[in-house]
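K.L.:
Model the full assembly from the supplied sequences, consistent with the hints where possible.
Here is what each chain is made of, one letter per residue.
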Amino acid sequence: MNKKLISLITILVFSLLVLAGCGSSGSQDEQKAANDTIKIGFLGAKTGGHASYGLETLKGMKMAVEDINAAGGLLEKELVIAEGDHGSKNSEASIVTDKLISSDKVVAIVGDPTTGLTKIAAPIAQQNQVVLLSAGAVGTGVVEIGDYIFRDTLLDALAAPAVTKYCAETLGWKKVALVTSINNDYSVGLSNIFRDALKKYKVEIVTEQQVKDGDTDFSAQVTNLSGKQFDGIVFTGYYTEGGLFMKEVRKQGMKQVLVGGDGLLSPVLWEMGEGAVEGSMVYTGFAPDPNTDNAKTKTFIDKYKSNNDNKLPDMFSAQGYDAVMLLADAMKNAQSSDPKVFRDSLAQTKDWKGVTGTITIRENREPIKSPVYLLKVAPASNGNSWEWKIQAAIPVTAE
Amino acid sequence: MFWQQLINGITLGATYALIALGYTMVYGIIQLINFAHGEIYMIGAFVGVMAVIVFKVNIFIALLMAIAVCILIGVSVERIAYKPLRRSTRLAPLISAIGVSIFLQTLMTLIAGPQAVGFPQVIDDQLYHIGSVTVSKVQLIILFLASVMMVGLQLIIKYVRIGKAMRAASEDYDTASLMGIDVNRVISFTFAIGSALAAAGGVMVGMYFNSIHPLMGVMAGLKAFCAAVLGGIGSIPGAMLGGLFLGVAEVAGVALGYGGYRDAIAFTLLILVLLFKPTGLLGRPIQRKV
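Going line by line, the protein sequences match chains A and B. Per this note's numbering, the first sequence starts with residue 1, numbered consecutively. Per this note's numbering, the second sequence starts with residue 1001, numbered consecutively.
Note that these hints are calculated values from the structure, not bench results. Take these hints with a grain of salt, some might be off.
[Said to hold, decoys possible] Residues from chain B that face chain A, not an exhaustive set, calculated with beta carbons under 8 Å: (1) N1008; (2) R1090; (3) A1116; (4) D1124; (5) Q1126; (6) T1134; (7) N1210; (8) G1259.
In this text the structure is predicted, and so the values were computed from the model without any measurement. Heads up, the beta-carbon is just placed ideally off N, CA and C, and yes, glycines get one too.
P.N.:
As structure tokens, then:
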């Protein structure tokens, strides 16, 4: 009995010693790694409904990190990405942000690609004084959260009026139907901007319909449209619902096309909508323009294509690339990877040339990015799918 | 406009009714809310898509394949997850059902990926104009198939031996088994029929709304459960009525401009009906068995 007890205690003590040994050697490794690297966090979805935004952003970020490390690293250190996947869940976003800051010890976070989740993550980054640069949030009320919060996107507040002007003056639209996804922050905000812009350019809204993210049945809303006369549908939600909505529109025999923000920008739009979305127009801060005169853009497109079976990059990968580059340039200018220091040089960015165009950070930390591309869904050259065709590049100015 | 919206509502309601039948039949016999039932519906939709895309079969053959696979899964779920718990507390099989539901969702997410999958266009966009109302071919097919299945179910339960056994088992499970009814077979058969109807509902919803998703069974299952309770759980005509009622009410809400509240409508209705008629629209009054 006594012998047993003693041997048990001995085993316990030994195992504790071994465990303690493991712990200390591990933290030494970490210490060493932290001294040679600068960590940037990726916050986004690699799974779930918004996965196509997150995965593309991450692809762009990885390309930027490769380019920086190939050119000797950043401030003589290696740049690495800590990946945080929240699976498109609001509830997970804050947990993942916490983890990036407290256990991965990142100096900056790129993300989230959506406005709604950025608004959840931003207060946490602000509180911990870590720079958060969203490579996708375009709605209102993001940078207002605090002076560590930035974005490198084309703002809806600037883009939607530019696109409305184009629809009214170049396409001659007089009447539209407005469709909002009301459980989606981004969509509700964008609809408000469109409402003002449509009024300004004297386009009448003949009817407003509400849908929800996750809906698959749009028959009732589309039936409500069917009695009305209008030139186009302004749809402010995301691609899945956009594609299904248009399918229902064609099913009920209407011929109008859809116009909307970059929330619709994904091949899923035609995977869901098929022929029904042909002619639909989506605006975006980046388009892989084959005739671009921006050398940076050309290099980026070529490199992306060779890495991805000749596929063209989308806005999210380009903005993800620019986000990392913008952060790296800010750290270089400040000669520091301390967020409290390089935050200031990031805020002073002026006429910075990236792969997505020209970016200036205004005094209120909101970016002005030019131009806005209006893309149109057209049949692909191989005939059995669809692709984006550049309809127009509209210059953007601050009002 | 009114008639058009009514058709939209009835089409949606018919799919709810098909799923609700599975809930109500199982509850009628073993007093179990089979929360995995929504997942059977989801799997039906995925098997349908796979049959159309991979095996390139006609949609009706795809429907039969989905039904066959779902019967197999539905019956096995009962054997594996519910049968061993039949004599335990009522809570145990309920928790087991939730476990099966999460397992099947996750399994399908692993197999098919987390994104919504487009259901290929299998039926042309033919529209029929009847007065001011436009009905699509898909809507007609759904209404026709759903009616055939519901009438067929009624006939089986009224006139076929196994259907009579189902009714007997639902009346009094123990006595039925004392009278020589093989209740295990009856229960398996009930799960088979319920799963077949859910599979058919899944394929139809897929081809009507053109989109399926590994988590589509959650909300549809909850709504169908509402429909079953609304109509009076345990009552087969009640499930049909409840489904149609719910579909029409939901579409009416959306048509009036409250699209954001479409899910809330179902649950509000449920609360209202239960407040005034606790046994549901066609439910039997609760009798305490002596």
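K.L.:
Looking at the structure, which of the earlier hints fail to hold?
P.N.:
Failing hints, ascending: 2, 4 and 5.
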